[in-house]
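**Student:** Given the coordinates of chain A, work out where chains B, C and D should sit on it, guided by the hints.
Chains as they are written, first to last, in numbering that gives the first Met the number 0: chain A, 0 to 366; chain B, 0 to 366; chain C, 0 to 366; chain D, 0 to 366.
One or more of the hints may lead you astray.
Copies of the same chain are indistinguishable here, so a pair counts whether it falls within one copy or spans any two.
Straight-line Cα separation of at most 25 Å, DSS-like style, residue types lysine-lysine; simulated pairs [said to hold, decoys possible]: (1) Lys-240 / Lys-338; (2) Lys-284 / Lys-172; (3) Lys-238 / Lys-22; (4) Lys-79 / Lys-129; (5) Lys-336 / Lys-60; (6) Lys-79 / Lys-172; (7) Lys-94 / Lys-78; (8) Lys-173 / Lys-263; (9) Lys-94 / Lys-294; (10) Lys-337 / Lys-263; (11) Lys-336 / Lys-125; (12) Lys-60 / Lys-129; (13) Lys-263 / Lys-125; (14) Lys-172 / Lys-238; (15) Lys-125 / Lys-284; (16) Lys-284 / Lys-338; (17) Lys-143 / Lys-79.
Calculated directly from the structure, the hints in this document are not laboratory data.
Computed from a predicted structure; not experimentally measured.
There are 4 protein chains.
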Amino acid sequence: MKRQIVNVFLIISSAIAHENDRKIEFPDVSNYKTLLCDLHMHTVFSDGSVWPNIRVFEAEKDGLDFISATEHLEYQPWKKDIPHPDRNRAFEVAKSFSDGTEVIVLNGSEITRDMPPGHANAIFLKDANKLLVRDPMDAFVEAKKQGAFIFWNHPNWTNQSPDGSVPLMEMHKKLIKDELIDGIEVVNDTTFSDEAFQIALDYDLTIMGTSDIHELIDWQYRVHSGGHRPVTLVFAFEKTKESLKRALMAGRTVVWFNQKLIGKIENLIPLINSSLVIESASYIKNTSIAHVIIKNISDAPYTLRNQSNYVLHNTTDLISIPPHSYSILDVRTIEKKKKFELQFEVLNALSAPSSHPIVRIQVRPRI
Amino acid sequence: MKRQIVNVFLIISSAIAHENDRKIEFPDVSNYKTLLCDLHMHTVFSDGSVWPNIRVFEAEKDGLDFISATEHLEYQPWKKDIPHPDRNRAFEVAKSFSDGTEVIVLNGSEITRDMPPGHANAIFLKDANKLLVRDPMDAFVEAKKQGAFIFWNHPNWTNQSPDGSVPLMEMHKKLIKDELIDGIEVVNDTTFSDEAFQIALDYDLTIMGTSDIHELIDWQYRVHSGGHRPVTLVFAFEKTKESLKRALMAGRTVVWFNQKLIGKIENLIPLINSSLVIESASYIKNTSIAHVIIKNISDAPYTLRNQSNYVLHNTTDLISIPPHSYSILDVRTIEKKKKFELQFEVLNALSAPSSHPIVRIQVRPRI
Amino acid sequence: MKRQIVNVFLIISSAIAHENDRKIEFPDVSNYKTLLCDLHMHTVFSDGSVWPNIRVFEAEKDGLDFISATEHLEYQPWKKDIPHPDRNRAFEVAKSFSDGTEVIVLNGSEITRDMPPGHANAIFLKDANKLLVRDPMDAFVEAKKQGAFIFWNHPNWTNQSPDGSVPLMEMHKKLIKDELIDGIEVVNDTTFSDEAFQIALDYDLTIMGTSDIHELIDWQYRVHSGGHRPVTLVFAFEKTKESLKRALMAGRTVVWFNQKLIGKIENLIPLINSSLVIESASYIKNTSIAHVIIKNISDAPYTLRNQSNYVLHNTTDLISIPPHSYSILDVRTIEKKKKFELQFEVLNALSAPSSHPIVRIQVRPRI
Amino acid sequence: MKRQIVNVFLIISSAIAHENDRKIEFPDVSNYKTLLCDLHMHTVFSDGSVWPNIRVFEAEKDGLDFISATEHLEYQPWKKDIPHPDRNRAFEVAKSFSDGTEVIVLNGSEITRDMPPGHANAIFLKDANKLLVRDPMDAFVEAKKQGAFIFWNHPNWTNQSPDGSVPLMEMHKKLIKDELIDGIEVVNDTTFSDEAFQIALDYDLTIMGTSDIHELIDWQYRVHSGGHRPVTLVFAFEKTKESLKRALMAGRTVVWFNQKLIGKIENLIPLINSSLVIESASYIKNTSIAHVIIKNISDAPYTLRNQSNYVLHNTTDLISIPPHSYSILDVRTIEKKKKFELQFEVLNALSAPSSHPIVRIQVRPRI
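If we strip away everything but chain A, and leave its shape as in the complex, we get (with noise of 0.2 Å):
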């Protein structure tokens, strides 16, 4: 049997290409630009290492578009060192390092509390030290005066949960009710929470991921050994505070975690079929296999499951598709078509806990 086509090959040049350039790249959807947000992390002017420039300049390498430096309100350890009495130094500190840069830095706060309510971040605050009152509610209330995005902190932290559970209680149902909370953290630095995934859905809050940095971007996530962090896709009109608050507030978000896309099926759908095009397709000679090649111009990779009516002529069922690579399918469609369906299940994204959506694509081969 002589070769007739050159095979599938995983390409590793994705992670040489991080070396060069580590920027997180996703495209656009069909309406909305896709916009990288990261909107919990810490400085110096709470327990963080670093001073916001940093926090600046990793978003700058990370091409994030939004950030926010959240420091702790009530949890302030270097105090002593840095008094730090206005709430709002780190955002002013952080915005004139973004001058020149496609970074915007949004004015926000972590409120730090015990359980209930644990933690929470305020973004979009107006004057952060509004929010240094005794009562937590309160706190709630002054940042939803001011038009803050409000949204549950890494509601799984074994400090406050040791199971890792999410301890969902009256106050939290009332927040929520009370539309003081619009978010919650399905996702935080390295941990995921199926329960809190859950809990968006059923209360239809908007699913939030966000690295609550402390030292090093580079470090925590060895983005040199291809890593990355946290971020929260935003599906937004423009990149504006505006349209990032009002697609918040929508829930039109994705997040991308640990090389997976957890998200509503909505949000999730058009993001999969932007980054999954066809290349090009034509028929095999003398044959009825369509040679496809299907390119994948996103970061995640991708790990499909085939539930096509066809089955592959050069592989099984699972197919790879590495980030900004292509995968080469030979689909024995049995006789020439001039158009054709791939289902795929989509084992790398998560609608729902244990969940994948199914993803359709049409191709039209030449004959």
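**Tutor:** Just chains B, C and D now, with coordinates in the frame of chain A:
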């Protein structure tokens, strides 16, 4: 939320290690040695492009245990330059180069006929010349008389079956019934056949995968970009021809093809169990989350779907364990347990068309 | 002509190994331990961008033995946020993070004045606050009173010397004569000064190289692309502050800068001799050509020019030995010898401006 | 001292690029095309291990312009299997595979005799069979009659000269005098001969370098670890056989061997000048230091020793410019100049035994 534990990151080193050491590596299984075989290849003695020494050296570089230069008996395009009257000659030359290596060369030939029966390989021949007979059935009978193991080659070959289907005809059924065909290529070169796989299961044929190489292994399988030739893993008592033949006749094989494992469930499960090893397990301080390190001591990139009773604190249900690397799973066992079971669907393995084996792994964490 | 022997090939693995293990590695020399020091760096306590813990962690990753957070005594741009009245504070904070690590933190400060005298670092201080005096000379005297080792910082700094020359003035000569300056930065950050090197030789000052890091080591020196920060290798009897100080005062240093080694000949030669090791040597069968494997057990990429009495059969006179790798030299000794000497000009080392040391290596081949 | 300018770092990408594109690349020089030639190789038609197609495919992968399958006329170890009565056969088979490629196959043969004269290649033959004569001198005369370019093969071959020296005998001198030898292999396979180089210079012979490959280029030269086969760069007016022959007869060659360039000074200098290009040059703000980016557009890793009138602010006098990469030199010109000259000893090139060419590069910085 402070960082508590170092997280899982893909380790890309395996691809790099390939540069230095491309040997194919799979562990032995409980009672058997795992032998690496490529029993279908060509040299200048039929329509291949190399002297037989290159086939031995390629096999040595790949760490193979057994090969066979299975020249076409009836197809000799370079007869003008290489008259080649003795059909055992390729074997003899190859064998002379294998002295002092770990590679054992078997005498085999490819019966090369129109469909039916198409092409078939006979291995463990005593005298290939005697297979040069008019009636194809007589060639099979002669091979069997010499004690050969015979398998149907590339039944999905598009030159003989343009839609890539397997034309199982009466002659094939008769050959199988008469025990003149013992195995079938489910994988040939860069192709895989679901139908051949099903026929192997239905008729209890040995599952075979071969390179059928004509030019160079390194080029055809991009070995230096992380690719590999297809091989048949054979589970035998020892590395001898006799033991190999017994194992092949008993159907104890798994095919390693394009980063996937294909075989009967009873052969796959022990191989997977030998490949995935719990390196360590202990509860994270002040939590009921078990920190489990799973090592993969094989060349196969494992792609697992979590089907345990427990969810994971650090990833979704899709788990990748790169070759000769490891993954860390933070398992939420709700309460601390002396022992628990993890259960995964093994997506990179195929136990029947579109069917994946389930592996169970016992964990005994330090508490 | 048949292949006789495997040839020399560049081994790229060192760059890859850096990814996993970036520790700077140089062997000990005959009587001394080789200590890795970076004695000039900044944190948020003057104009740096990190909390002191990051400097300790960076040093740990780089495998350093000694560091010092040498804040500007007179330049405090972030005083508004970090009033920092005690000039020993950066040291204390850094020290608290070094517990349990291999990194030893020294108390040091940067005397930060206009030219002359420009900037100077005083290390091994007891109380940095006492250096906050009007007259710069008094600061040097006070430092010396506390037992400091003092070195002139970046004498080639273009802010103070736009053509990059070293403005050696009367004040400097007096400081040197009065033993108030013990060393000089021949290397600062990404700059090297031939003139500073010559001054070090002329006035017998200790040759220093430092990072003077303000932001992040990883970024400034592209550590993940194979770069490294400048360090001073100090040859001391043991890893203690006292032994280090004695070695610094005695001038036993070599600077490791931008893949080059810079130092006095008496310090360079033992380091080179410890770094290059004959791994094996034997005559190639039926020839009088000695097959010699030279290993390089250091981080420095050796670039040698053959100046032996013998020419090489497998390369020209330019020989590269990558870090932690080896080269093979086929030496034409005309007749078989029990012993012979190789002699190389070491181009990657500098013993004076534009002057390279000669290394002699004895070979005793198996015959 | 604040960072002022991005510094020089080795760029390792060239090794990685090789993985994807191994083509050997050197620029054309002023008046000539730079043609890549490997004019000494073997196939199964004498003692090589491959069918001639593999030699064509290897050449195609390496980007060669001209090759020749120069089988041993008098040495036919596989005659039993490949009787090979027509000595033009290897050429014809190779040629048939070169159709549609960029590789041009030349008819050549290796005259294979005891010393003297040893082995010699005759290229551009019309009928190789006519060289099968008793007296070696007659073979040379016949080749010349056919218009051949003839070169002495591996004069340093240890089988014929155990100390690796070149046994220049009366017969050789007569052949040279009678213009029956036009060139000499200064490089054969993995060997280099200083003496052959000197003979080439003394007798005005064309400097040749060849692989003399018997097995596989990829293995012998570890192409996937960054190695390369030896080739002769020939500077010709156009890519035709006639133009190539004229250039070879005129001695317009440089050998690319083991990362080094070897040739006559008049051929080396234009190649180096074409390879090193000033990408940009401008004075660093507020200084008289010129920031110069030198690009290397060739495969050769340049190793330069600065011999300019100016010292460098960012490195010692040893400068590496990796293949297809660049280096940054900060040149201290003392005052700002509209134009200045850099001068380097090119250590990776050899214009005579142990002698390196000097290259001069004009810089016109923006001020």
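**Student:** Are any of the numbered hints broken by this structure? If so, which, sorted upward?
**Tutor:** 1, 2, 5, 6, 9, 10, 11, 12, 13, 14, 15, 17
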